[in-house]
Every structure is written in C-alpha cells, then in structure tokens.
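The listed protein sequences derive, respectively, from chains A and B. Just so you know, we're using this note's numbering here: the first sequence kicks off at 166 and counts up by one. Just so you know, we're using this note's numbering here: the second sequence kicks off at 13 and counts up by one.
Source of the hints: derived by calculation from the structure; they are not laboratory data. This one's a predicted model, so the numbers in the text were calculated from it and none came from an experiment. One or more hints might be untrue.
[What the hints assert, rightly or not] Covered stretches of chain B, going by a simulated chain A footprint (3 or more residues, C-beta under 8 Å):
1) 62–74
2) 92–103
3) 211–222
[Said to hold, decoys possible] Pairwise CB distance ranges (calculated):
4) LEU492/A <-> SER234/B: 40 to 50 Å
5) GLN540/A <-> ARG70/B: 42 to 52 Å
6) LEU492/A <-> SER144/B: 38 to 48 Å
7) LYS286/A <-> GLY124/B: 35 to 45 Å
8) ALA360/A <-> GLU25/B: 46 to 56 Å
9) MET440/A <-> GLU179/B: 44 to 54 Å
10) ARG70/B <-> LEU492/A: 18 to 28 Å
11) LYS263/A <-> MET91/B: 57 to 67 Å
12) ARG464/A <-> MET91/B: 25 to 35 Å
All C-beta atoms, glycine included, are put in the ideal place defined by N, C-alpha and C.
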Amino acid sequence: MKEKHIMVMGGGIAGMTAARDLAGFGVNVHLIEKSGFMGGYAIGYTCKATTECLQCGACSVEKALKEVTESPNIKLHLSTTVEAVTSENQKFSAKLKKGPFFIDPEKCNNCGVCYEKSPVKGAVLHGYSKNNHPLYAITAEGIQNHRDFFASVCPEGAISIDAEAATETISVDALIVATGFEPFDPNQKPTYRYAEHANVITGLDMERIKRDHGALVRPSDGQVPEKVAFIQCVGSRDERLGHLWCSRVCCPYALRSAQSIKTQSPEMDITIFYMDIQNIGKDFPAFYEACKNDFRFIRSIPVDIFGEENDRLKLRVFDEAEGTAGLETFDLVVLSIGIMPNPENQAISKLLGIKLDDDGFFAHNDSLNQTLTSQNGIFVAGTASGPNSIPGSMAQAGQAAGEVLKYLGVAQ
Amino acid sequence: MGEAAIKLGGKKESTFMDKVKDILPDGGNLNLCLTCGACSSGCPATGLEGMDPRKFLRMAALGLDEEITTTPWVWHCTMCQRCIYVCPMKIDIPRLVYYARQSWPREERPKGLINSCDMALRNDSCSAMGASPDDFQFVVEDILDEYREAQPEFKDMDAPIDKEGAEFFLNQNSREPVTEPDEMVPLWKILHKAGINWTYGSKGWGGENYCMFLADDDAWKSTVAMSIQQAKTLGCKTYLNTE
Chain A
166 MKEKHIMVMG GGIAGMTAAR DLAGFGVNVH LIEKSGFMGG YAIGYTCKAT
216 TECLQCGACS VEKALKEVTE SPNIKLHLST TVEAVTSENQ KFSAKLKKGP
266 FFIDPEKCNN CGVCYEKSPV KGAVLHGYSK NNHPLYAITA EGIQNHRDFF
316 ASVCPEGAIS IDAEAATETI SVDALIVATG FEPFDPNQKP TYRYAEHANV
366 ITGLDMERIK RDHGALVRPS DGQVPEKVAF IQCVGSRDER LGHLWCSRVC
416 CPYALRSAQS IKTQSPEMDI TIFYMDIQNI GKDFPAFYEA CKNDFRFIRS
466 IPVDIFGEEN DRLKLRVFDE AEGTAGLETF DLVVLSIGIM PNPENQAISK
516 LLGIKLDDDG FFAHNDSLNQ TLTSQNGIFV AGTASGPNSI PGSMAQAGQA
566 AGEVLKYLGV AQ
Chain B
13 MGEAAIKLGG KKESTFMDKV KDILPDGGNL NLCLTCGACS SGCPATGLEG
63 MDPRKFLRMA ALGLDEEITT TPWVWHCTMC QRCIYVCPMK IDIPRLVYYA
113 RQSWPREERP KGLINSCDMA LRNDSCSAMG ASPDDFQFVV EDILDEYREA
163 QPEFKDMDAP IDKEGAEFFL NQNSREPVTE PDEMVPLWKI LHKAGINWTY
213 GSKGWGGENY CMFLADDDAW KSTVAMSIQQ AKTLGCKTYL NTE
C-alpha cells in the first residue's frame, strides 16, 4: 500500500478516536488542535461513578489521549489552526499556522512554576491530563503583558518569549472534521442571572469544581451545599434562541452527576427541574427509575432566581399538583447547559467548502451515514455534526475512520 | 408493508384555539408547547382562580372551549407578557388570553374595565378618569407654575401642550393629573435637564388604554387613533408611550 496521510481537525474525543483508529491501520495522521492541549472539553469531565461505574465515558478520553500521544503514526499539531485548504487530483493541501510555542517541549519538565507564580490568572493555562506535554501553555497576551516575568521564571530555560508562529503545508488524502461544539452561554437566559450569582453554575462549571475540589462545593464559600437544584434544557429546545435541538447529553450528565455527588454526600437534598427526561440508551431507563427514589423531580422549568442571604438562591417554583407558585431556597443551582454549534463552523464550512445544516452543525450528505459531508474525501465526526455523548462521538469517529479507509481503498 | 392507516370519521370542529391560530402570525406558535412550565413559573397570576398559563394553554389545546372562554382568570392576567418572554417556544399565550377576554359579552366583563373604557370614549382626552382637555391643561399649567416658583433651578422648565413641531409626543396616565399631580413633575424635570423637545396633546393625552384591557377592539382603536392623530397634527416625529 502506498503511504496514506489524513488530516484530522480537532483534538477532542472524536478527533482522537478517529486518529487512533486510522493509525491502527498504518495510516499517517496529522491531528490538528487549536488549543495547547489534546482532549477537548471531554478531558475535563469527571468520572461519575457511584459505588459502581455509570458508564459516562469520561475515562475513555484519558485512554484515547494516551494512545494518540504515544502512537508513532500520529503527528500532533498543538496550538495549530488550518489557514487554507486546496484540493487537486484527490489530494488536499493544507496550510497550517503553528504556534507560537512559548514553551519548548524538549526542555519543559512540567514543574508548574510558571503557572503557580504567574502574575495574572489566565496567562498560563494548564491541561487536565498528565498525558498532555507540555502540561502548561502560555497565552500570547500573557507573554506580551509580562515579558520580564516569563523571560526569567522557568528554571529549565524552556520559555522563549520571542517565539513566533510558523507555517507548514501538509499534503493529505482525506480530512476528518472533528471540531466539536461550544457549551451554551447561560447569559443568554438572563433571568437566571448566571453572571451575578456565584452559586448559579453550569454543568461544565460543576465538572471543573469537582475536578479541582474532589467534590461539588459552592463557588462562594467552598462549602458542600445541602440543597441543590438542577435546571434542565438550558439553551436547548429553544425556538426563541433558534436552538430547536435536544442536546442529548444534559439529562444523562445531570442525573449521573447528581448520583455521584449524592454518593459522596448522602444527606444532600437534590431537586431536578425538567420538562421531560431524555430516557434513552440501554441502561438509562433502569437508572432513571432508581434516580426517582433519590431525587425530587419537578416537571416545570423555573425562570426566576433571586439572591438571598449567605449567597443562597431563591427560586420561584411552580408546583403542578397544587397549581400554585412559591419561593424555595437552594444553596446551589446547576444549569444543565446544552451543546451548541462551534461558532467557527461558518468559517470552517467556507474553508473546506462543506455545508452546514439549518442549526449550524455540519450537514450529513447521506441521512443513513452521518460521517459523510457534502464534499468527497471530507468526513465529519463527533459534536461537529450535532449533539453527542462521549460514547456516541467515539462510535461516530470510529465509523468516520472506517469510511476514510474505504475511501482510500485501504479497507473494503 | 403494513396495513393502511385507519382514518377516524367525523369532521373536527373548529375550536377556540384554531380560530386564534388563524388570526396570529405563525399561529402564535400555539401548537409548539413542550409543557415545560416556564410560563407558569414566571407568571404573577399563577394559581389564581385555579389557573396558570400552562394549564390554560393545555386546556385550549384540548378543545375545552367552554372552560377557556368562561374562566375569570383571563381578567387577573395583567397582560405583562412575561409568559411569552420566558417561553422557549415563543408561544403567544397573551394573545390567547386576549381573545378569550374578547369572547365574553361586553356587559359581563369586569365593571371597572367597562367603566374606564366608556369614560375614555366620552371626550377627546381619552382619559379613563373622564378628565377633559381643559381640566388637563389647567392642572398642568397650575403645577408647572408652582414648581417654577418654588424651585428656581427649574424656573425655565416647560410642560407644553400642543406644541407644534416638538420631537416627542408624550401621553400621560390620567391618575397623575387627576389625583397625584405632583407625580408628573419628575419626568418633566428629566426631560428639561436632558433638553428634550416634547409636548403633550390636548387630545388623546390619556395613555392608560383601558379599552385594550377590556379587549374592546373598536373602542381601543378609536382612543389610540385620537392620540396618534394629534401627534401627527402637531408634526411630532416620535410617539413616546409612557404607559
């Protein structure tokens, strides 16, 4: 077989899975990631296990990340964007903008001094997985504003403040678009006052808090909350915002997270406000039934959150059995935000000449094969094509890899 | 292939909700309810008369026309439109309520609303409290003089009526000139300090719009037309609805 090269755009769970599967067939993969770290959003998600595994898939992200970093057939391009793509004779030529890389991976030993001593928060980012190397990335803005600090902080001399972006052109036989999603911005639902109330958090914030503290705590005081509300469908199934889709992951992540935090803190009083539970998947119906014993389910979506003493939160709750609305106080409110199209989809669609669907995700050219785009040789995987879970994204990425192999004539 | 679908006989009678859907653009999205209950969580009238917006819409969808068109709940609704604002599907519940109000015989609607609307139709003020154009002019001038004298920093303040060519035409809730005339002054002061070129109208100044709350379209149209016509006659560019 003549050597084949593939470009995978996006280093999240879908991109990593596709890259890993292709590499397993001896195909050379360029895995392009815009940020300084592989793993996408999913690498930040926490394990949802109670006394048993709840099959959220979070651990498989770590595994995939380890495999792509170790595979000799995968070339990782961190902090890299695709600037232009041309195609001729079934070959794609992609112009990459790489870096600037302020940290030299050869010299960096991931000691974390730059991160810990950084004069401002956000100038140095750190990855979630130890399989990311370097584990830290410095932003261009951080370097610009604190040149003297960064010039001298690294004991290994791994930081070069004058690093510049470089370009590289690669030639590939096919492309997989796995550019992922954007979490819903809860400020678009202004009555929840997300920006104003410290203890109104998103599902994604919840993941970060659990990861940083080992438990779900209130951002305002670091205490474990006694009474927690989850509000479902925040930003999804919303005609007003033009988001008619169900994000599919929010019911599972909310209920699994609720179970895992309740296992840690059995006294915790948890209420789920919902319109209907997306009760799909092999084990989910049984799991949902079990949840009904542990949480209070209220079939109405609150719209008002008012601040109270001690950063507690007062919700106006509609009680459908009584037909009345009353105020109820919670210590913490989790907004189960959904999956939105990546805001760069428009630009990527133009760059590659592939179509978006009405919702702004990448369109499927064949309704029975969700990995085919409107262009020959360009495939799509994961949440770039619509809401999906970790296992769902992995399955689709595996299918995309299979389609690529067929397209290349490597497999039948 | 499976068997052909069984068609249920009988012609579906048009329900109240179907009629409203025909009137509203996009049918007011009345068919799109996900029953999420955001409307009822946010509605100030939830629980009054054993009703809430979600229940009201569900009952309408189920064709319970008699209940929908007779529940006094529609008169507790303040028409604040919060339900449509918080509704993820942008369902026009306020208009459904409005047409439910309209289905009541006029004389059976709440007395306060009937009387206020009738009063507004009595003279060119369109004031629901029956104040005439002369009364209004007298009160405004009287209060203005009082404040100009008592507060020298506002000695040049104006509260014009029928000023031709003013940029803004303002209406005014009758309650202030009739019972709390001092309450008009803060707005005058703001407009004065901001250097706004504005005017009241001697006709159509009453802004409270009770005929709309009564769901009496003809009367509503006539009071609004009076006010708008006055603004046009004066050559005002912008109509500022203060209500």
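Quiz item: So which hints don't hold here, by number, going up?
Solution: 3, 7
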